[in-house]
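Taken in sequence, the protein lines are chains V, P and S.
For the first sequence, position 172 matches number 172 in the working numbering, and the numbering has no gaps at all.
Take any residue in the second sequence, note its place counting from 1, add 1000, and you have its number in the working numbering.
Take any residue in the third sequence, note its place counting from 1, add 2000, and you have its number in the working numbering.
Hints should not be assumed to be uniformly reliable.
Unchecked claim - Derived pair list, reagent style SDA-like, types lysine to any residue, alpha-carbon separation capped at 25 Å:
| id | chain 1 | residue 1 | chain 2 | residue 2 |
| --- | --- | --- | --- | --- |
| 1 | P | Lys1149 | V | Asn48 |
| 2 | P | Lys1110 | S | Gly2192 |
| 3 | V | Lys133 | S | Arg2019 |
| 4 | S | Lys2040 | S | Trp2098 |
| 5 | P | Lys1149 | V | Glu14 |
No lab work stands behind these hints, which were simulated from the structure alone.
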Amino acid sequence: MKMVRSEKLIYEYEKRDEEGNVIGMNRAVDGVDIDIAQGDFVAILGHNGSGKSTLAKHMNAILVPTGGTMWVDGRDTKDPMELWNVRQSAGMVFQNPDNQIIGTVVEEDVGFGPENLGVPTDEIWKRVEDSLKAVGMLEYRNNSPNKLSGGQKQRVAIAGVIAMEPKCIVLDEPTAMLDPNGRKEVIRTVQELRRKKKVTVILITHYMEEVIDADQAYVMDSGHVVMHGTPREIFSRVDELKKYRLDVPQVTMLAETLRKKGLKIPSGILRTEELVEALCQSN
Amino acid sequence: MSIKLEHINYVYSPGTAYEKQALKEISLEIQQGEFVGIIGHTGSGKSTLIQHFNGLIKATSGALYYDGKNIYDEGYNMKELRNQVGLVFQYPEHQLFEVDVLSDVCFGPKNQGLSKEECEERAKEALGLVGLPEKYYHQSPFELSGGQKRRAAIAGVLAMRPGVLVLDEPTAGLDPKGRDDILDQIEYLHKNTNMTVILVSHSMEDIARYVSRIIVMNQGEKMFDGKPKEVFAHYRELEEVGLAAPQVTYIMHALKAKGMDVLTDATTVEEAAEEIMRSFHD
Amino acid sequence: MIRDITIGQYYPAKSVIHRLDPRVKIVCTLLFLISLFIQKSILGYLVATIFLGAVIYMSRVPLKFILKGLKPVIVLLLITVLFNLFLTRGGAELVNFWIFHITEKGLETSVYTGIRLIYLIMGSSIMTFTTTPNSLTDGIEKLLHPLNKIKVPVHEVAMMMSIALRFIPILLEETDKIMKAQIARGADLDSGNMIQKAKAMIPILVPLFVSAFRRANDLAMAMEARCYHGGEGRTKMKPLVYRGRDRAAYALTVLYMILIFVVGRYVPFHIWIF
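The task is simple: from the sequences and hints, build the whole structure.
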């Protein structure tokens, strides 16, 4: 079963000069084909301005393609009749924790989505409680979001999406504004959700260490998909990644440096243990 | 021209329910030309600390000497201190406001009372230092990309020609290349101008790569103060307070535990590679 | 400094007052405010004090916290009281010194005005302290619902209010940060005449507006992503239903109003305390 699929997806917008006259077209996404199966954990990588966020916004029909097609759970996102179904099946978490929390109390915010869907009151309460429990924020249900840490706010935002019972969660750089602890907290939450609720997870990021557990990864540059494969395949092409303004975790970089110096180490090392193992064997 | 703190204490909203001692008995000295990193988890007091350096926050007790003079003495020229100690806040691009990049960078020098020509001269020099090409000078700062905005904003502080540059997480939200570019530029600045640079960062990897001294803050107290190798040797204690050492330090420790004959004090990829190669060749 | 403002903040606690239906709190607060103006006697104020005191006690919001809310308006309060004290004429003259004339009537009016204003602020802050902005707007939405028939977009207005309330603390913090950043760049916000001061605000206001627009844009997107499409077909997580305690609260407030009315009418107009 395909959760998210796109074919030759193009998104163009008008470029304007200072007076507001159209002086040309900009292609933020240019002919992208992606194919994401139900239940997968997929990472979309790319530097700022590579088109990865624009692509992500298509998965929730915040943007609709100007060319090509995007299907979410089998529904064409261009079809206005399917708009609310698309948004319900692919929930979205954004970058800035402050700018996506609507409620002034944690539980009210989590209830916002179900309220919009017209879910009956008793059911909303159940969903809110389940979702907050799933992200480990139940004890904060009566708190003001303003008093939470960045990582906690993002977990509340995730709960808000879970409460809508989507099949797929799209996280658009959810950790870009967090400190390392907040980042770990959010990634751990997402992984647990995946295990428990079997939802499809699409993570847009430029932090490479967050994607080593992904089933597959896409790398974007100037609107195109330029690399696609498992994290291991992608991380073994360090020089190419650098060309696309990306980076690899220190352990991958160290393995690569040692390989270039002549040690026999397999390429695409992702974890400390793997490198230690490889070094002990070649010693 | 050193910055010297003696027993600095700072209490937030004293006498209310929110009262909190943000800094406790901080004493330290930073010499002209040093490249210092400050680390600590969110709420450890590091942002409060750096705002003391240019007098934006006044200590509840203690003394702060800039160039030998106590800035809390009566009649001390705070404006001059702020000219000398440039502070770049987190997401500094959120403070851009002028119609074009050049006039925005001129804001600081203009406040220093310089003539229009001098302002522009300094602005251009600062924009050159952060590597922002001339074609952007007359564009609206709001039209630049994220990384370029950040550079323009840092130039806005550099144009005041400070002797000390304090940066609060200058790479937050940038992509890996943007991060390296900014940090390389800061390193270049430090090498070529003898400016003191104080860098606050969450990334241990970045800190280890650039600075020569690390100050670790925890719950308002100074926990460690030393060379990166010395500080990261305490990686267990750092973990206890929500921090960590660079990933390579852990790799070296893991190798050592497996019986390899390596020193564990590497903090950068280059150092680690060298050390591993050495152990292989011995 | 900006952090000191407590008016409009929610104080989380578990009390009867917190649990009351927001409509009850809005209506009763309005009645209480009216009660302050329809009578003018020591006994009446005594009744009002007991009523207010009982509500504050039941709300479990510390009195200190409520009194702190008076701080920002203290200047306004003093001016009003002093104006009344010196400018109201009538009754025996108590003080006559140089240009200052204080009359019995002036003293009385100023004391009453002072008490009125203080109670007015305390009364309404009790409402905001015990009601989350969201349920407050829910209450207003439901109370004003009949206006929907004459094409007043009640739901939209209520939603806008609740969003505004949520973003006030965030924007205040942001203002603080931008001010500090511009001061660090040598901005001088304190000296100069009115025009210079106004001009000095530009480096703060422009980034603040830019940020507010950016946030508004982000939030609109986040709301749409969560299927927000106006009030139509929307259910409520916390629908407003009157319960026993709400009816009791109405009854008590009505009783209080009757008492105030009776006291105002049948007890001699002024029992002089001085």
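Do the hints match the structure? See the list:
1. P:Lys1149 to V:Asn48: 13 Å, holds
2. P:Lys1110 to S:Gly2192: Holds: lysine 1110 (chain P) and glycine 2192 (chain S) sit about 16 Å apart, inside 25 Å.
3. V:Lys133 to S:Arg2019: Status holds; Cα separation ~24 Å.
4. S:Lys2040 to S:Trp2098: Roughly 31 Å between the alpha carbons, so the hint for lysine 2040 (chain S) and tryptophan 2098 (chain S) is violated.
5. P:Lys1149 to V:Glu14: 22 Å, holds
Hint compliance for this structure: hint 4 is the single one not met.
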